[in-house]
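**Q** Chain by chain, the residues:
2 protein chains.
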Amino acid sequence: MTSQPLPAQLPQTDLTRHRRLREQGSLERAELDAILDAGFVCHLGVVVEGRPLVVPTVYGRDERQLFVHGSVASRSLAGGTPVCVTVTHVDGLVLARSVFEHGVNYRSAVIHGEARKVTDPEEKLEGLRRLTEHATPGQWSYARRPSRKELAATTLLALSLEEASVKIRTGAPDDGDGPDAELGLWAGTLPLTAVWGAPVADPLLAPDVPVPGHIARREGTRHG
Amino acid sequence: MTSQPLPAQLPQTDLTRHRRLREQGSLERAELDAILDAGFVCHLGVVVEGRPLVVPTVYGRDERQLFVHGSVASRSLAGGTPVCVTVTHVDGLVLARSVFEHGVNYRSAVIHGEARKVTDPEEKLEGLRRLTEHATPGQWSYARRPSRKELAATTLLALSLEEASVKIRTGAPDDGDGPDAELGLWAGTLPLTAVWGAPVADPLLAPDVPVPGHIARREGTRHG
Chain X
1 MTSQPLPAQL PQTDLTRHRR LREQGSLERA ELDAILDAGF VCHLGVVVEG RPLVVPTVYG
61 RDERQLFVHG SVASRSLAGG TPVCVTVTHV DGLVLARSVF EHGVNYRSAV IHGEARKVTD
121 PEEKLEGLRR LTEHATPGQW SYARRPSRKE LAATTLLALS LEEASVKIRT GAPDDGDGPD
181 AELGLWAGTL PLTAVWGAPV ADPLLAPDVP VPGHIARREG TRHG
Chain E
1 MTSQPLPAQL PQTDLTRHRR LREQGSLERA ELDAILDAGF VCHLGVVVEG RPLVVPTVYG
61 RDERQLFVHG SVASRSLAGG TPVCVTVTHV DGLVLARSVF EHGVNYRSAV IHGEARKVTD
121 PEEKLEGLRR LTEHATPGQW SYARRPSRKE LAATTLLALS LEEASVKIRT GAPDDGDGPD
181 AELGLWAGTL PLTAVWGAPV ADPLLAPDVP VPGHIARREG TRHG
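So the sequences go chain by chain: X and E.
So the first sequence is numbered by the UniProt record's numbering: it starts at 1 and just counts up by one.
So the second sequence is numbered by the UniProt record's numbering: it starts at 1 and just counts up by one.
Isolated chain X, as found in the complex (with noise of 0.2 angstroms):
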């Protein structure tokens, strides 16, 4: 693994290449790196004895790859396994005048690849710091860090993100020039929106430990 950065434009290979909705499609790895950046919770697929199995998991990333929580679909991925990952955002629905052209308003990025398992400490400990601080900044030196024995008991899996495709769908219905506009029906977006919530502490917490700055911040703000 060198030091190059990837490219600012992803590659079309066969596994990346859109075949369906091309105009969604974006092959700016910028746009990968927002998605990915958005979210902290990604499905993760693999192959278990020719049959797909899909779980969520938490991920963290850093400039060539993402580092993804082994957990459930770990016992099927003995090293080099290929696995595919999505991150997807709802924005909203898409309300068009004919059923036909209803959709969603998304931002999705697939990564193909081989996960690899992270078996050196010093890497494993840096892939769980990105991603511990990629689901909540400031954490990683606010929490008490991995012991060797919590180290060598997490499952981390790191993933290129070389080969990723991006779609995306923003804005009102396809249907607003045809002849459904004719119907007089209300067509339009209904948006969908995350949003962080106070934050509650622990019942077992003593009632003098105040939230940090860090978590407390986040109160009302935006996800994804």
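Hint data in this document are derived by calculation from the structure and do not stem from the laboratory.
Note that CB positions come from ideal geometry on N, CA and C, so glycine has one too.
A couple of the hints might just be wrong.
What follows is a list of derived Cβ distance ranges for each label pair [claimed, not checked]:
#: 1; chain 1: X; residue 1: Leu183; chain 2: E; residue 2: Gly220; range: 22 to 30 angstroms
#: 2; chain 1: X; residue 1: Ala201; chain 2: E; residue 2: Glu114; range: 44 to 52 angstroms
#: 3; chain 1: X; residue 1: Ala38; chain 2: E; residue 2: Glu114; range: 29 to 37 angstroms
#: 4; chain 1: E; residue 1: Glu122; chain 2: X; residue 2: Glu133; range: 48 to 56 angstroms
Once the Cα atoms are required to be at most 25 angstroms apart in a straight line, the calculated SDA-like pairs of lysine to any residue come out as [what the hints assert, rightly or not]:
#: 5; chain 1: E; residue 1: Lys124; chain 2: E; residue 2: Glu162
#: 6; chain 1: X; residue 1: Lys124; chain 2: X; residue 2: Leu6
#: 7; chain 1: E; residue 1: Lys149; chain 2: X; residue 2: Glu182
#: 8; chain 1: E; residue 1: Lys149; chain 2: X; residue 2: Gly184
#: 9; chain 1: E; residue 1: Lys124; chain 2: X; residue 2: Asn105
#: 10; chain 1: E; residue 1: Lys117; chain 2: X; residue 2: Glu49
#: 11; chain 1: X; residue 1: Lys149; chain 2: E; residue 2: Gly184
#: 12; chain 1: E; residue 1: Lys149; chain 2: X; residue 2: Asp174
#: 13; chain 1: E; residue 1: Lys124; chain 2: E; residue 2: Val41
#: 14; chain 1: E; residue 1: Lys117; chain 2: X; residue 2: Glu101
#: 15; chain 1: E; residue 1: Lys149; chain 2: X; residue 2: Asp177
#: 16; chain 1: E; residue 1: Lys124; chain 2: E; residue 2: Asp33
#: 17; chain 1: X; residue 1: Lys124; chain 2: X; residue 2: Arg61
#: 18; chain 1: E; residue 1: Lys124; chain 2: X; residue 2: Glu101
#: 19; chain 1: E; residue 1: Lys149; chain 2: X; residue 2: Leu183
#: 20; chain 1: E; residue 1: Lys149; chain 2: X; residue 2: Asp180
#: 21; chain 1: E; residue 1: Lys117; chain 2: E; residue 2: Glu49
#: 22; chain 1: X; residue 1: Lys149; chain 2: X; residue 2: Glu126
#: 23; chain 1: X; residue 1: Lys124; chain 2: X; residue 2: Thr81
#: 24; chain 1: X; residue 1: Lys149; chain 2: E; residue 2: Asp180
#: 25; chain 1: E; residue 1: Lys149; chain 2: X; residue 2: Glu101
#: 26; chain 1: X; residue 1: Lys149; chain 2: E; residue 2: Glu182
#: 27; chain 1: E; residue 1: Lys117; chain 2: E; residue 2: Thr155
#: 28; chain 1: E; residue 1: Lys117; chain 2: E; residue 2: Ser160
#: 29; chain 1: E; residue 1: Lys124; chain 2: X; residue 2: Asp174
#: 30; chain 1: X; residue 1: Lys149; chain 2: E; residue 2: Glu101
#: 31; chain 1: E; residue 1: Lys117; chain 2: E; residue 2: Ser147
#: 32; chain 1: X; residue 1: Lys117; chain 2: E; residue 2: Val48
#: 33; chain 1: E; residue 1: Lys124; chain 2: E; residue 2: Ala153
#: 34; chain 1: X; residue 1: Lys149; chain 2: E; residue 2: Leu183
#: 35; chain 1: E; residue 1: Lys117; chain 2: E; residue 2: Gln4
For chain X, the structure is supplied; the task is to place chain E on it using the hints.
**A** Structure of chain E alone, referenced to chain X:
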């Protein structure tokens, strides 16, 4: 397919048995139903030439099966193909004293089966009705329904809800009564909520078309 209701307990098969974090598994079909009813976007996993592919798509359901919009994955679904459909709601971050105990509060359903392409026009229309009503109740009787040509151009998949597993995590971190409780660190959860926004009219819409009540009344309500 009979009209017998599906069993209230989910089956324990090689595919659905919870191998890890058993305490988070549920065998109640009612939990599965609740998770499916709370969302409209799933992640559909298929195997393409030995590799996993995971794509987001919309779904609806009846009592016994899921209807999934074919979309991208349809090119690899030649009938009887094993698929995995996962629906996940992220409810917040679990912020423990130790990084090791960090996690996510979530509700997730994983459905295993073989996708069946719905070809009968009447069944397809009924499946599309359920899919449309699932995402936007009231919309099927408001919007223009599919023409015969549009119906033929739509790929709809059906998937039995028999083989499914559910995982749910709620509540506080797990290290409130362990040695880390002495660290004096704040711990708890940071809730994440998805909320429907105000309807945005298509810019091409005539200004006098009112937002129908079934859409307007969703503003400010919670999703997921």
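**Q** A separate judgement is required for each hint: does it hold in the structure or not?
**A** Consistency of the hints with the structure:
1. Between X:Leu183 and E:Gly220 the CB atoms are about 28 angstroms apart, so this pair conforms to the stated range of 22 to 30 angstroms.
2. Distance hint for X:Ala201 and E:Glu114: a CB-CB separation of about 47 angstroms, consistent with the stated range 44 to 52 angstroms.
3. At about 34 angstroms, the CB distance of X:Ala38 to E:Glu114 agrees with the hint of 29 to 37 angstroms.
4. Checking the proposed 48 to 56 angstroms range against E:Glu122 and X:Glu133 shows it holds: the Cβ atoms sit about 53 angstroms from each other.
5. Proposed proximity of E:Lys124 and E:Glu162 is supported: the alpha carbons are some 21 angstroms apart, at most 25 angstroms.
6. With a CA separation close to 22 angstroms, the supplied pair X:Lys124 and X:Leu6 stays within the 25 angstroms bound.
7. The suggested pairing of E:Lys149 with X:Glu182 holds, with an alpha-carbon distance near 20 angstroms, which does not exceed 25 angstroms.
8. A threshold of 25 angstroms between alpha carbons decides the hint, and for E:Lys149 with X:Gly184 the separation of about 22 angstroms falls inside it, so the pair holds.
9. The straight-line distance between the Cα atoms of E:Lys124 and X:Asn105 is roughly 24 angstroms, inside the 25 angstroms bound, and the hint therefore holds.
10. Annotation: proposed proximity of E:Lys117 to X:Glu49 holds, straight-line Cα distance about 23 angstroms (limit 25 angstroms).
11. At roughly 22 angstroms between alpha-carbon atoms, X:Lys149 and E:Gly184 fall within 25 angstroms of each other, so this suggested pair holds.
12. A threshold of 25 angstroms between alpha carbons decides the hint, and for E:Lys149 with X:Asp174 the separation of about 18 angstroms falls inside it, so the pair holds.
13. Distance restraint check for E:Lys124 and E:Val41: the Cα-Cα separation of roughly 19 angstroms lies within the 25 angstroms cut-off, and the hinted pair is therefore satisfied.
14. Restraint check: the Cα-Cα separation between E:Lys117 and X:Glu101 comes to about 20 angstroms, which is no more than 25 angstroms; the hinted pair holds.
15. About 20 angstroms separates the Cα atoms of E:Lys149 and X:Asp177, which keeps this hinted pair within 25 angstroms; it holds.
16. With a C-alpha separation of about 22 angstroms, the suggested pair E:Lys124 and E:Asp33 falls inside the 25 angstroms cut-off, and the hint holds.
17. Between the alpha carbons of X:Lys124 and X:Arg61 the distance comes to roughly 12 angstroms, so the proposed pair stays at or under 25 angstroms and holds.
18. Restraint check: the Cα-Cα separation between E:Lys124 and X:Glu101 comes to about 16 angstroms, which is no more than 25 angstroms; the hinted pair holds.
19. With a C-alpha separation of about 19 angstroms, the suggested pairing of E:Lys149 with X:Leu183 holds against the 25 angstroms cut-off.
20. For the given pair, E:Lys149 sits about 15 angstroms from X:Asp180 by alpha-carbon distance, which is consistent with the 25 angstroms threshold.
21. The straight-line distance between the Cα atoms of E:Lys117 and E:Glu49 is roughly 20 angstroms, inside the 25 angstroms bound, and the hint therefore holds.
22. With a CA separation close to 16 angstroms, the supplied pair X:Lys149 and X:Glu126 stays within the 25 angstroms bound.
23. A C-alpha spacing of about 19 angstroms is found between X:Lys124 and X:Thr81, which places the hinted pair at or below 25 angstroms, so the restraint holds.
24. Using a Cα cut-off of 25 angstroms, the hinted pair X:Lys149 and E:Asp180 holds, with the two alpha carbons roughly 15 angstroms apart.
25. Our distance criterion of 25 angstroms between C-alpha atoms is met by E:Lys149 and X:Glu101, whose separation comes to about 13 angstroms.
26. Between the alpha carbons of X:Lys149 and E:Glu182 the distance comes to roughly 20 angstroms, so the proposed pair stays at or under 25 angstroms and holds.
27. As the CA atoms of E:Lys117 and E:Thr155 are separated by approximately 7 angstroms, the hinted pair is consistent with the 25 angstroms bound.
28. With a C-alpha separation of about 12 angstroms, the suggested pairing of E:Lys117 with E:Ser160 holds against the 25 angstroms cut-off.
29. Pair hint E:Lys124 plus X:Asp174 holds up; C-alpha atoms about 23 angstroms apart against a cutoff of 25 angstroms.
30. For the proposed pair X:Lys149 and E:Glu101, the alpha carbon gap of about 13 angstroms is at most 25 angstroms, so the pair holds.
31. Proximity of E:Lys117 to E:Ser147 is assessed by CA-CA distance (about 19 angstroms); at most 25 angstroms being required, the pair is judged to hold.
32. As the CA atoms of X:Lys117 and E:Val48 are separated by approximately 23 angstroms, the hinted pair is consistent with the 25 angstroms bound.
33. A C-alpha spacing of about 11 angstroms is found between E:Lys124 and E:Ala153, which places the hinted pair at or below 25 angstroms, so the restraint holds.
34. Our distance criterion of 25 angstroms between C-alpha atoms is met by X:Lys149 and E:Leu183, whose separation comes to about 19 angstroms.
35. A C-alpha spacing of about 22 angstroms is found between E:Lys117 and E:Gln4, which places the hinted pair at or below 25 angstroms, so the restraint holds.
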